[in-house]
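A.B. asks: Now for the letters of each chain:
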Amino acid sequence: MARTWARWLSHALLTALALAWMSPLLWVILLSLTPNEALARGDLAPRMLTTAHYQTLLAVSQAPRWFLNSLLVAGTMTAATLVLSSLAGYALARIPFRGRNGVFLFIVAGLAVPEQAIFLPLHRMFAELELHNTYTALIAPRLAGPFGVFLMTQFFRAVPREMEEAAELDHAGRVRTFLFIMLPLARPALTTLGIFTFLYAWNDFLWPMVSATDPDMYTLTVGLSSLQGNFAQSESLGFVMASAVVASSPMILVYLLFQRYIVRGMALGGVR
Amino acid sequence: MASVRLKGITHRYQRTEVLRDITLDIEDGELMVIVGPSGCGKSTLLRIIAGLERPSGGDVEIDGVRVNDVEPAQRGVAMVFQNFALYPHMTAAENMGFALRNLGTSARETDARVRETARLLQLEPLLDRLPGQMSGGQRQRVAIGRALVRNPRIFLFDEPLSSLDAQLRIEMRAEIARLHQRFGSTMVYVTHDQVEAMTLADRIAILNAGKLEQVGAPLDLYRSPRNLFVARFLGAPRMNLLEGELASASAAGAEVRVRGGPVLRVAAIADRLAANARVTLGIRPEHLRPGPSAGDLEGQVSVVERLGDRTLVHLDLDIGAEVLCEDRGESPIRVGERVHVHAPAGAFHLFDESGIALPRIVAA
Ligand SMILES: Nc1ncnc2c1ncn2[C@@H]1O[C@H](COP(=O)(O)OP(=O)(O)OP(=O)(O)O)[C@@H](O)[C@H]1O
Ligand SMILES: [Mg+2]
Chain Z
1 MARTWARWLS
11 HALLTALALA
21 WMSPLLWVIL
31 LSLTPNEALA
41 RGDLAPRMLT
51 TAHYQTLLAV
61 SQAPRWFLNS
71 LLVAGTMTAA
81 TLVLSSLAGY
91 ALARIPFRGR
101 NGVFLFIVAG
111 LAVPEQAIFL
121 PLHRMFAELE
131 LHNTYTALIA
141 PRLAGPFGVF
151 LMTQFFRAVP
161 REMEEAAELD
171 HAGRVRTFLF
181 IMLPLARPAL
191 TTLGIFTFLY
201 AWNDFLWPMV
211 SATDPDMYTL
221 TVGLSSLQGN
231 FAQSESLGFV
241 MASAVVASSP
251 MILVYLLFQR
261 YIVRGMALGG
271 VR
Chain Y
1 MASVRLKGIT
11 HRYQRTEVLR
21 DITLDIEDGE
31 LMVIVGPSGC
41 GKSTLLRIIA
51 GLERPSGGDV
61 EIDGVRVNDV
71 EPAQRGVAMV
81 FQNFALYPHM
91 TAAENMGFAL
101 RNLGTSARET
111 DARVRETARL
121 LQLEPLLDRL
131 PGQMSGGQRQ
141 RVAIGRALVR
151 NPRIFLFDEP
161 LSSLDAQLRI
171 EMRAEIARLH
181 QRFGSTMVYV
191 THDQVEAMTL
201 ADRIAILNAG
211 KLEQVGAPLD
221 LYRSPRNLFV
231 ARFLGAPRMN
241 LLEGELASAS
251 AAGAEVRVRG
261 GPVLRVAAIA
271 DRLAANARVT
281 LGIRPEHLRP
291 GPSAGDLEGQ
301 VSVVERLGDR
311 TLVHLDLDIG
321 AEVLCEDRGE
331 SPIRVGERVH
341 VHAPAGAFHL
351 FDESGIALPR
361 IVAA
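As they're listed, the protein sequences go chains Z and Y.
Under the working numbering, the first residue of the first sequence carries the number 1, and numbering increases by one thereafter.
Under the working numbering, the first residue of the second sequence carries the number 1, and numbering increases by one thereafter.
Just so you know, not all the hints are guaranteed correct.
[Claimed, not checked] Here chain Y is said to cover these stretches of chain Z; the calculated rule only asks that three of the stretch's residues, wherever they fall, bring their Cβ under 8 Å from a Cβ of chain Y:
(1) 155-164
(2) 178-186
(3) 240-247
[Stated by the list, open to error] Pair ranges (Cβ atoms, derived):
(4) SER354(Y) / PRO184(Z): 49 to 57 Å
(5) ALA107(Y) / LEU183(Z): 35 to 43 Å
(6) GLU17(Y) / LEU143(Z): 45 to 53 Å
(7) LEU179(Z) / ARG119(Y): 24 to 32 Å
(8) ILE29(Z) / ASP128(Y): 45 to 53 Å
(9) LEU179(Z) / ARG12(Y): 31 to 39 Å
(10) ALA107(Y) / LEU26(Z): 48 to 56 Å
The set of hints was computed from the structure by calculation and includes no laboratory data.
Note that the structure is a prediction, hence the values are computed from the model and not measured.
C-beta atoms are modelled at their ideal positions from N, C-alpha and C, and glycine is treated no differently.
Generate the whole structure from the sequences, applying the supplied hints.
C.D. replies: Written out as structure tokens, the structure reads:
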């Protein structure tokens with residue numbers, strides 16, 4: 001049957017491609033488990049695997065603390081972004097007020113401002129406020145992101161007007177309409193926004209690096225990169241790989257759990 | 001129960017005026033159908049009654065109280081939207097109970113009232129389903145249920161049947177009529193379907209380009225349309241129109257010379273018109289009977305539509321006009337034949353040059 005053949009072929013092709021794309025990741029995991037001696041010999045297919053690199057990582061660094069820092073920063077940032085973006089988006093989409101279009105345009109214009117452009121003033125501002133090396137400094141500058149507001153405004157605009165009018169006739173005030181009708185409707189958009197915010201926050205590097213100079217306040221990305229400088233590349237390959245695995249594990253988890261929404265989010269991003 | 005009074009309602013969106021000086025009394029317990037072509041302002045009028053839209057001018061009164069400044073929720077109205085507007089993330093039961101819960105009704109009482117309404121509308125098997133898991137007709141019933149649970153003073157329906165298929169429409173139409181009889185509630189029902197209007201209404205209000213053309217009982221409007229618009233809008237198939245001029249007029253009736261054709265006797269009082277005034281003659285297809293000979297008008301059959309109980313015959317008249325007439329179900333008429341048609345004087349409607357109907361003489 002030609003059709004079964006075609007299916008078989010396409011599956012084989014997809015599997016091969018998936019493996020090709022996964023190979024760096026698998027490679028990293030393998031290296032992180034390879035003993036130093038094997039690495040030194042250039043033996044890249046060792047008999048014995050070891051968790052030694054992970055133990056070193058725990059011993060020489062504050063990795064657990066950095067991990068928690070990252071979790072706290074990314075988690076708070078995500079939660080706050082969801083709350084702020086949905087509230088602002090709803091107001092911009094549905095509550096008529098003077099200057100609404102202007103405010104929206106102003107926010108959208110923020111999408112065009114590159115992060116680097118505001119880097120120095122931001123740094124100086126936090127220095128003047130003596131806020132560097134605090135969680136506030138790590139989290140606050142990211143809360144006013146225009147993307148979330150833009151996304152949620154567009155989403156709420158697309159909700160049929162009748163839905164809200166029905167709620168109004170059903171004696172739901174503004175707050176109940178928002179909480180019980182609009183927010184549940186926005187779940188797909190919120191999930192997407194949440195995932196992207198979390199991943200972005202987790203991977204964020206430049207700002208935490210300049211803001212957090214105290215190792216206690218490092219996020220995982222900053223902390224792990226600070227370690228790499230201390231070890232010569234050749235003899236610590238396994239160690240570097242182990243830290244890479246630790247750094248990316250939450251992201252891989254998020255991807256696995258929310259695949260469906262991430263794909264949808266990319267589609268959302270595409271149509272705008 | 002409640003009455004609704006619209007006093008000189010005017011409405012503008014930016015520059016465009018969509019409603020012009022609408023004055024309409026809807027009595028307690030009445031089923032008023034507002035009908036008109038697409039875009040004539042029906043939904044806007046309904047939304048103004050509900051309070052979802054503030055009129056640019058005029059007053060809305062419910063039970064004699066001016067409610068212009070009263071919030072929609074406080075007006076005691078329930079609305080069934082054209083697209084139902086069910087909350088997609090809530091089950092049928094939750095959709096129906098939402099208003100009661102917002103009013104602070106206990107979960108138990110809400111549940112009891114939802115179930116009672118569900119039984120009435122035979123919705124019980126659907127209560128745990130989400131709107132996405134229902135057919136169009138089922139959603140429609142849930143939407144009606146959601147309106148009904150709250151026991152509103154006034155029901156507003158905005159083309160509630162327009163997205164259903166023909167068969168379901170007929171069933172739901174009967175269902176709404178039953179609900180109205182059972183509860184005797186005041187209902188305002190918007191549609192652009194004149195059959196729905198004729199069958200459901202206690203009274204019909206015909207809206208055209210933001211103006212009320214005529215208000216009255218369905219058969220009154222059908223028998224005595226006030227103008228050409230109403231005459232053409234009610235009745236399917238539509239009334240035939242023939243251009244002509246007044247040949248004579250007296251208290252006993254008028255004679256009209258059809259353009260390029262014979263003089264026809266019309267039971268209408270046209271004294272107020274000048275001699276030879278231009279007029280339009282209207283005749284409904286069911287009153288225009290075809291026959292092989294001795295009719296007033298003559299023409300060639302272009303299309304024959306056999307509906308079983310009756311036959312619609314399209315005729316190209318020799319005078320250059322096209323008319324539609326009705327014959328019995330077993331009509332022998334064939335396409336291409338020459339046919340004569342005739343109508344009694346009392347069946348004609350007469351309109352003056354500006355489309356206003358002239359008074360008809362009612363046979364004693
Ligand atoms: N929000 C709005 N802004 C501007 N114009 C509007 C708005 N809503 C409706 N209109 C215009 O007002 C007129 C009346 O609209 P309305 O919805 O009341 O018509 P309708 O009789 O309900 O038509 P339909 O049978 O198609 O539903 C239309 O010409 C429409 O374009
Ligand atoms: Mg409408």
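A.B. asks: Next, verify each hint and record whether it holds.
C.D. replies: Quick rundown of the hints versus the structure:
1. 155-164: Our answer is that it holds, as 3 residues pass the Cβ test (under 8 Å) against chain Y, meeting three.
2. 178-186: holds (count 4)
3. 240-247: violated (count 0)
4. SER354(Y) / PRO184(Z): 49 to 57 Å: Roughly 56 Å apart at Cβ, these two residues keep to the hinted range, so it holds.
5. ALA107(Y) / LEU183(Z): 35 to 43 Å: Roughly 21 Å apart at Cβ, these two residues miss the hinted range, so it is violated.
6. GLU17(Y) / LEU143(Z): 45 to 53 Å: For GLU17(Y) and LEU143(Z) the Cβ distance comes to about 46 Å; the hint holds.
7. LEU179(Z) / ARG119(Y): 24 to 32 Å: For ARG119(Y) against LEU179(Z), whose Cβ atoms are near 31 Å apart, the range 24 to 32 Å holds.
8. ILE29(Z) / ASP128(Y): 45 to 53 Å: holds, 46 Å
9. LEU179(Z) / ARG12(Y): 31 to 39 Å: holds, 34 Å
10. ALA107(Y) / LEU26(Z): 48 to 56 Å: holds, 53 Å
Going down the numbered hints, you'll see the structure goes against 3, 5, while the others check out.
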